[in-house]
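Quick note, the sequences are listed as chains X and E, same order. Each residue of the first sequence is one higher than the one before, starting from 8 at the first, in my numbering. Each residue of the second sequence is one higher than the one before, starting from -16 at the first, in my numbering.
If you are wondering where the hints come from, they were derived from the structure by calculation, not from laboratory data. Ideal placement from N, C-alpha and C gives every residue a C-beta, glycine not left out. There could be a bad hint or two in this list.
Some chain E residues well away from chain X (every beta-carbon gap over 12 Å; in silico) [to be verified]:
(1) V22
(2) G51
(3) P81
(4) F92
(5) N230
(6) D262
(7) I274
(8) A288
(9) F319
(10) I356
(11) Y375
(12) H377
Which residues of chain E face chain X? A few of them, derived with a C-beta cut under 8 Å, are [what the hints assert, rightly or not]:
(13) L58
(14) S61
(15) F91
(16) V315
(17) F404
The calculated label-pair distances, taken between Cβ atoms and stated as ranges, are [as the list claims (entries may be wrong)]:
(18) X:K257 to E:A4: 51 to 61 Å
(19) E:L28 to X:L242: 18 to 28 Å
(20) E:P421 to X:G272: 44 to 54 Å
(21) E:Q423 to X:E113: 43 to 53 Å
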Amino acid sequence: MDLTIVWIGLIGIAILAYVILDGFDLGLAILFPFFRKRQDRDVMMNSVAPVWDGNETWLILGGGALFAAFPLAYAILMPAVYAPVTAMLLGLIFRGVAFEYRWRTERLRVFWEAAFTGGSFVAALAQGITLGAILQGVDIDGREYSGGWWDWLTPFSLLTGISVVVGYSLLGACWLIMKTRGSLQDKAFRLARWYGIGMLLCIFAVSLATVFLEESYYHRWFDFPAILLTSQIPLLTAIAAFALFWALRKRRDYAPFLIALSLFGLTFAGLMVSIFPYMVPNRITIWDAAAPHSSQLFMLVGAAVLLPIIIAYTAYSYWVFRGKVDPDAGYH
Amino acid sequence: MSSFFPDALLLARFQFAFTVAFHIIFPAFSIGVASYLAVLEGLWLLTKRQVYMDLFKYWVKIFAIAFGMGVVSGLVMSYQFGTNWSVFSDKAGPVVGPLMAYEVLSAFFLEAGFLGVMLFGMNKVGPRLHYVATLAVAIGTFFSAFWILAVNSWMQTPQGFSINEVGQFVPESWLAIIFTPSFPYRLVHMLIAAYLTTALVVGAVGAWHLLRDRANAGARTMFSMAMWMLVIVGPIQVLAGDAHGLNTLEHQPVKIMAMEGHYESHADGAPLYLFGLPDQKAGELKYALGIPHLGSLILKHDPNAPMDGLDTVPRELWPPVPVVFWSFRVMVGLGFLMVGLGAWALLSRLRGKLYAQPWLFRASLLMGPAGFIAVVAGWITTEVGRQPYTVYGHLLTADSASPIAAPALAASLIAFVLIYFAVFAAGTFYMLRLMGHPPQTDEPEPSPTVPKRAAGLMPGPAEGPSNLSR
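Kindly generate the complete structure, drawing on both the sequences and the hints.
Okay, here's the thing in structure tokens:
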């Protein structure tokens, strides 16, 4: 069996898991400025406090597994996106510590709330820019990145950056719909509608920009007979979009979040159509970048045993903290 | 390269050193505190004595802050390999990458998955399952140390690999890669260091409150537990450190030469230099103050055993001796002070005066941060002592760095320094403030029998996070 395929699949799962799990944490923080009441903010933060740490761990797994299973891709791509990755890490520092610090100070509470929102915004934007910078291709020379250190910054990467911010905000709003009630939930419904429209516009813009970015991307999407298959993705996206607005109109508690997740899944599938099997577009395939068989096999044994266990206790943790957050019960 | 900027390699090294030195402080503390919390909760479950639960609730709040800082500073480390050391990542990734993936899979998820339950879930899952969560977090910190020290030990004493046609290290035997010769020593030395660090902090906090109120039951218990830990673990650490040193002499003799300040060879017994000023340019230890033959006695168990010095090693393979020489002395000096503090506490205890000695309290308070300083000094010794290699003997640091220009590195380094000092200073301040509050005895008992409130749409335990750490 080709372990390289298995590993790209596992890394894909880790990245998707990260995007949807930390996506709602980050999005919720980005929405903080819309909620002025102290109690609303307490509830919002408490709704993710027990799980954000586990959510962020998927990012470490994604980076770690890329390092281990595709060291060449990691070695080329990380220097290429040096600035956005550094910005993301620094943003995540502010976001992460704000969870604890905000409760420890009255005087600087507003500051740590700003750090929570600002850090999350920077992290989301930087993740989107990183995605765009990789999609638009990077210069390499031998086994090294050879481009400049501003190559990542283009109109396209800014577009993908903003799109990720908007998408995470939609997830955050839908999470709040699921976890809260009353006026907070009402506001989350309104926000979800606006960000839902925004997300669809972003999906449309990024899709269009991507297929005209590289000739190869165009052919992957529009050549016959591939188009029979690839056209299903926009079709399903349209269906999911209708379902989302229907669920928001009907004021469903859970459906908006699940549908927003499916939208992310579809954009992820679209991404795969564009770049698979390349890791550095049109330059390095997953097989070029793959670690030796012995590395992949050794890790696969661990992943096969541990990932199901991880998923089980992560699910358990979500189960323990299921249901609406009680506004009266702060923890600190 | 612009003359305004220092060498890109030096900047990359400094950035890594800065971020990793900052990072190691938090795991060193959280490994110890996680175990301490598991002991406290275990004692509470066994004895039902209120003081243990009070202390658990007291320290779990501090743990949460330290753990949070450890998570975010650790996330930075996992991406620095790629951003700043991309050639190293390409070449050594097939060997060290899987070990780090195991760390994420077996440790980080375990910690993160159960931390929520540990911090917020006492009322939701009950004391027994809660204890399982506490244990899981403690075990997670241990696994984390296991894997990351396996990575580091492989870089110090690499084995079990071959090198392929594009210059990558290809794993041949995973057992050999994980269990390198220096690994057991480094693991034991570091775990004990984490316990000592925690014991010193717990002891200092206890001492601080005993200085103000000798009757505070929580302060007495934590001080007593911390001093027991010092008495027992301090001397073990001296032995473990000595064994680690002998192991290093066998596998990385050049590092020992740098630690000892042995620029010159000693054909008939090397002295143990206590102090001196290493002069790297001249290749000599100036103003050396040493005890003749003691170096050979300690390292070779024979006062007259010959010992090679750096004069037998090509100059371009010398580590920066002044750094290694001094950081080693700082670590060892603090280590002996810790043993001394433990002995003093033991004598006081035997005379029945453990809680009646203000000067012992003051000394404990002063020694509170000593563990952190010793840990950082120890890591500087072993990491700088590995230079000029990243993978000892096989890959030079100069050949490991990313093709990143110096100005980009300088900008990111400045950002890291500013943000780390601001963010982690704030965290340290909040921890110190929590430590400044005396442990209370009137905190509400976390109990599974708290009536469950009626819960909106979802039935069952939806009453929100507990009041565990209020």
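We went through each hint and held it up to the structure:
1. V22: holds, 23 Å
2. G51: violated, 5 Å
3. P81: Per Cβ check, E:P81 is inside 12 Å of chain X; nearest 4 Å; violated.
4. F92: Given a closest Cβ separation of 5 Å, the condition is violated.
5. N230: Holds: least Cβ distance 26 Å, greater than 12 Å.
6. D262: With a cut-off of 12 Å, E:D262 remains clear of chain X, as the shortest Cβ separation is near 37 Å.
7. I274: holds, 47 Å
8. A288: Correct as stated: the minimum Cβ-Cβ distance to chain X is 41 Å, above 12 Å.
9. F319: Fine: 35 Å to the nearest Cβ keeps E:F319 off the interface.
10. I356: At roughly 23 Å from the nearest Cβ of chain X, E:I356 sits farther out than 12 Å, so the non-interface label holds.
11. Y375: Label holds. Min Cβ-Cβ 19 Å, cutoff 12 Å.
12. H377: holds, 16 Å
13. L58: Hint on E:L58: holds, closest Cβ of chain X at ~6 Å, below 8 Å.
14. S61: holds, 5 Å
15. F91: holds, 5 Å
16. V315: violated, 33 Å
17. F404: E:F404 check fails; min Cβ-Cβ to chain X is 12 Å, beyond 8 Å.
18. X:K257 to E:A4: 51 to 61 Å: holds, 55 Å
19. E:L28 to X:L242: 18 to 28 Å: For E:L28 and X:L242 the Cβ distance comes to about 57 Å; the hint is violated.
20. E:P421 to X:G272: 44 to 54 Å: Since E:P421 and X:G272 have Cβ atoms about 52 Å apart, the given range 44 to 54 Å holds.
21. E:Q423 to X:E113: 43 to 53 Å: violated, 20 Å
The structure does not agree with the numbered hints 2, 3, 4, 16, 17, 19 and 21 stated previously, though it agrees with the rest.
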